[in-house]
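Participant: The opening residue of the first sequence carries number 1 in our numbering; numbering runs sequentially from there.
Read the hints as simulated data drawn from the structure, not as lab findings. All figures in this text were calculated on a predicted structure; none of them were measured in a lab. Beta carbons are placed, not taken as given, at the ideal position from N, Cα and C, and that holds for glycine. Accuracy of the hints is not assured; some may be wrong.
Pair ranges (Cβ atoms, derived) [as the list claims (entries may be wrong)]: (1) Thr130 x Pro452: 19 to 27 Å; (2) Ala780 x Gly226: 18 to 26 Å; (3) Ala176 x Ser445: 37 to 45 Å; (4) Glu378 x Ala176: 35 to 43 Å; (5) Arg20 x Pro452: 38 to 46 Å.
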Amino acid sequence: MSGQFDHKAIEAKWQDRWERQRVAEVDLRHGAGKYYMLMMFPYPSGDRLHVGHGRNYILGDALYRYLRMNGKRALNPMGWDAFGLPAENAAIQRGIHPRDWTFDNIKVMKQQFRRWGILFDWSKEIASCTPEYYRWNQWLFLRMLEKGLAYKKKAPVNWCPSCQTVLANEQVVDGACERCGTPVVQRDLEQWFFRILGYADRLLAGLDGLEGWPEKVKIMQRNWIGRSEGAEIQFAVPAAGETVTVFTTRPDTLHGATFMVLAPEHPLVSKLIAGHPEREALEAWVEKTRNTPRIQREGEGMVKEGRDTGAVAVNPATGEEIPIWMANYVLPDYGTGAIMAVPAHDERDLAFARQEGLPVRLVYHPEDEAVDPATLAEPILGRGVVRNAPPFDGEPNAPETIRKFIAWIEEKGFGRARVSYRLRDWLISRQRYWGTPIPVIYCESCGIVPVPDDQLPVELPYDVEFTGREGNPLSRNKQFVETTCPKCKKPARRETDTMDTFMDSSWYYLRYLSPRDGQRMFDPEVANRWAPVDQYIGGVEHAILHLLYARFICRVLHDFGMVGFEEPFANLFNQGMITHYSEQSGRVEKMSKSRGNTVSPDELIEAMGADTERVYTLFIGPPEKEAEWSEEAVSGAYRFLNRLWRLAERLHEAPPTAPSDTDLERERHATIQRVTHSLQRFSFNTAVAALMELLNALSRAVEEKRASRLQCETTFDTLVQLLHPMAPHVTEELWERRGYTETLLETSWPEYDESKLRRERVSLVVQVDGKLRDRVEVDADADEKTVRAAVLDSPKVQEHLAGREVAKAVLVPGRLINLVTRRSA
RNA sequence: GCGAAAGUGGCGGAACUGGUAUACGCGCUAGACUUAGGAUCUAGUCCCGAGAGAUCGGGUUGGGGGUUCGAGUCCCCCCUUUCGCACCA
1 MSGQFDHKAI EAKWQDRWER QRVAEVDLRH GAGKYYMLMM FPYPSGDRLH
51 VGHGRNYILG DALYRYLRMN GKRALNPMGW DAFGLPAENA AIQRGIHPRD
101 WTFDNIKVMK QQFRRWGILF DWSKEIASCT PEYYRWNQWL FLRMLEKGLA
151 YKKKAPVNWC PSCQTVLANE QVVDGACERC GTPVVQRDLE QWFFRILGYA
201 DRLLAGLDGL EGWPEKVKIM QRNWIGRSEG AEIQFAVPAA GETVTVFTTR
251 PDTLHGATFM VLAPEHPLVS KLIAGHPERE ALEAWVEKTR NTPRIQREGE
301 GMVKEGRDTG AVAVNPATGE EIPIWMANYV LPDYGTGAIM AVPAHDERDL
351 AFARQEGLPV RLVYHPEDEA VDPATLAEPI LGRGVVRNAP PFDGEPNAPE
401 TIRKFIAWIE EKGFGRARVS YRLRDWLISR QRYWGTPIPV IYCESCGIVP
451 VPDDQLPVEL PYDVEFTGRE GNPLSRNKQF VETTCPKCKK PARRETDTMD
501 TFMDSSWYYL RYLSPRDGQR MFDPEVANRW APVDQYIGGV EHAILHLLYA
551 RFICRVLHDF GMVGFEEPFA NLFNQGMITH YSEQSGRVEK MSKSRGNTVS
601 PDELIEAMGA DTERVYTLFI GPPEKEAEWS EEAVSGAYRF LNRLWRLAER
651 LHEAPPTAPS DTDLERERHA TIQRVTHSLQ RFSFNTAVAA LMELLNALSR
701 AVEEKRASRL QCETTFDTLV QLLHPMAPHV TEELWERRGY TETLLETSWP
751 EYDESKLRRE RVSLVVQVDG KLRDRVEVDA DADEKTVRAA VLDSPKVQEH
801 LAGREVAKAV LVPGRLINLV TRRSA
């Protein structure tokens, strides 16, 4: 065991000290100035792999320690996103109560964080499954209900007829129940929604100001919101005495609408097919299509299928009667659930028209080519000029024409301009036990009655039965369900739906700031001082749902006057996954138990220490990219730390005086600069590389006795300081052994001196016609004349200039000179 | 299909605003110390060619073209991979 440091003893010592002294604890009431707040809200899954290799926590901790050493007031809180489906599954499968399961897991995960040496401010710890937390979910829900931001409507859910329960999308595998294999059907249930659509434009506009967010995430959110401008147009259905409204982004193609297609869910469908001779067959088809799970219906490679309703509508532009069809490719909850089909100018409509033998009519005609609508193979998109649409004949296929058409449609009273979104309102109801109970009561005489604020929280009963069948366990708990109406005091029934856990994670960053406040959700004054969050570190998997919901709730709180900002997270960093080779598949994949390609952090920490794991995790590659774990490569980090440790014991070998310390001193300053810049750019891998280089240079200096002992010691101390965010345990130990009494975390980040970075003489690269030919030693600030003179003396340059003369010279001071030649006259 | 990112040694990767491509690490090779080592240390390691040798010449950042004194970096075309969305009218 020679030459290796005792990482276990050192880790135990410092982890204990950090915990005892509660070094991460922050007083939130304190002072003014710039604050930094980092964020984490992991789901305690009981599967260690959920903590994974802790790349995000290690990144966060390194950043936190760096900020602390820079004298920044930083808060690094930790809480638990504790509600969720896996806890309930564990209860069903293993008979453990979700609450016990969750708190057991939290204990294990806390232990893991300790082993990594991560400093969290545990005085701010929260868990979303506690009544102290979720009562504010309920409180906010009631405020949103008052403002009409929460509402109830029917919506389809995945229903397993055998288990008699609602399934989440993940529980539906190939259209069947994950547990019993029974085909899943769609069922309409009354569900609670948040009106996020009303905020769509603000959420969209806000993205432009989020400079600290990855472009990728912003694009994903923009696509998810999916705003499109167009028009809604009314088509009369004379036989039924009704009108059908369609939404289209291409109202300019109205003249080419040769049929209409309704979603099978469209409210008019049953009326339209009522008189049809094959009514029963049509109804069966509608039923079948509606029961296809949404994931499947919208899934890849879905074949278009449709039926003629037999009814007709009138195209308002042409006055022609066009058939009304219904088809699976029209979605019930986008636009109006009905479209005008323009096969000549829409790929999907053309495919359907060809399949069903429906007519095609062109609005836009390509100018230099004759097109026969009967044989048109591809829709005409973005080209051609209008023909056969009298008011606009000759107009080009361009946005300007669309605007003219909309104005015309409005003038004629056919319809009006409209914006449509891909985003749907946020469905927050879950028919499950392990979540925040939705605080409303159903009364036979008063209807839906909100639970009064003074009766909050509506607590989740502990005593429930988990069968995995017959719906929500909550609804079978009589004590919970049976209550009295707050208004009329008559017997009433509680809502048994619970809230989506994204509600919990939409405002937890504010609760960190008032974790024990029993009077209010959070303290607005503290919130406005500490929030928005300065740096959020998390995986891309939250790019749309969580991060969009949190932005929405932040705006709601803003509109309620509770916070002064609309964006909750100023800077967002997405770390990449850690992957590993899997024996099972023979490929490199994301680590997971089922793939059998996991590497246990505990084993590694046992063998080589937490600092090794941390340094390797940071060194493995750019943190935003995914990285493949390599057992072999870890030893590089281990060797590095051991070499550092041994160097401490050899520092005294450096001579008391040396001819010149400038080289080592320059390296020291250069490294401070490089590491500082690297950390600011989240480039931890290059920071570690720079520190390895400094260690190499220092080892050599000591070995060869090229620098004074004082300079070597100073350099060593700087190295240890700069390395502290990455390898906190060893560095604290080395620092203490160097005789310092204040801890590294209390020291201030080393500063570099610009003037110390400069060299007097530099080795200048000499190029002839852009090719490297030689190097010359010159004064750093030498002018072109001097350099040119020095360069022309070089035999190598002479050789390459043979028969040529210098036409021009380009000097980049301190770096290179390029001689451009031409043939001698 | 649409959108985005990325292609650099045997491998992970470095190169901030165009200026010595391959830093740092892994692996590999040789040697040292060892009873032994998968411990540690030293030297070497992009490719091709010449040379006993230090060295010298040529080539190289997915492919092709362009701008520039100079391109991994900027512009255009193509190829490949990964990710996101995917009948959103």
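Participant: Now tell me if each hint is right for this structure.
Facilitator: Do the hints match the structure? See the list:
no. : hint                        : in the structure
1   : Thr130 x Pro452: 19 to 27 Å : holds (21 Å)
2   : Ala780 x Gly226: 18 to 26 Å : violated (57 Å)
3   : Ala176 x Ser445: 37 to 45 Å : holds (42 Å)
4   : Glu378 x Ala176: 35 to 43 Å : holds (38 Å)
5   : Arg20 x Pro452: 38 to 46 Å  : holds (45 Å)
Violated hint for the displayed structure: number 2, the only one.
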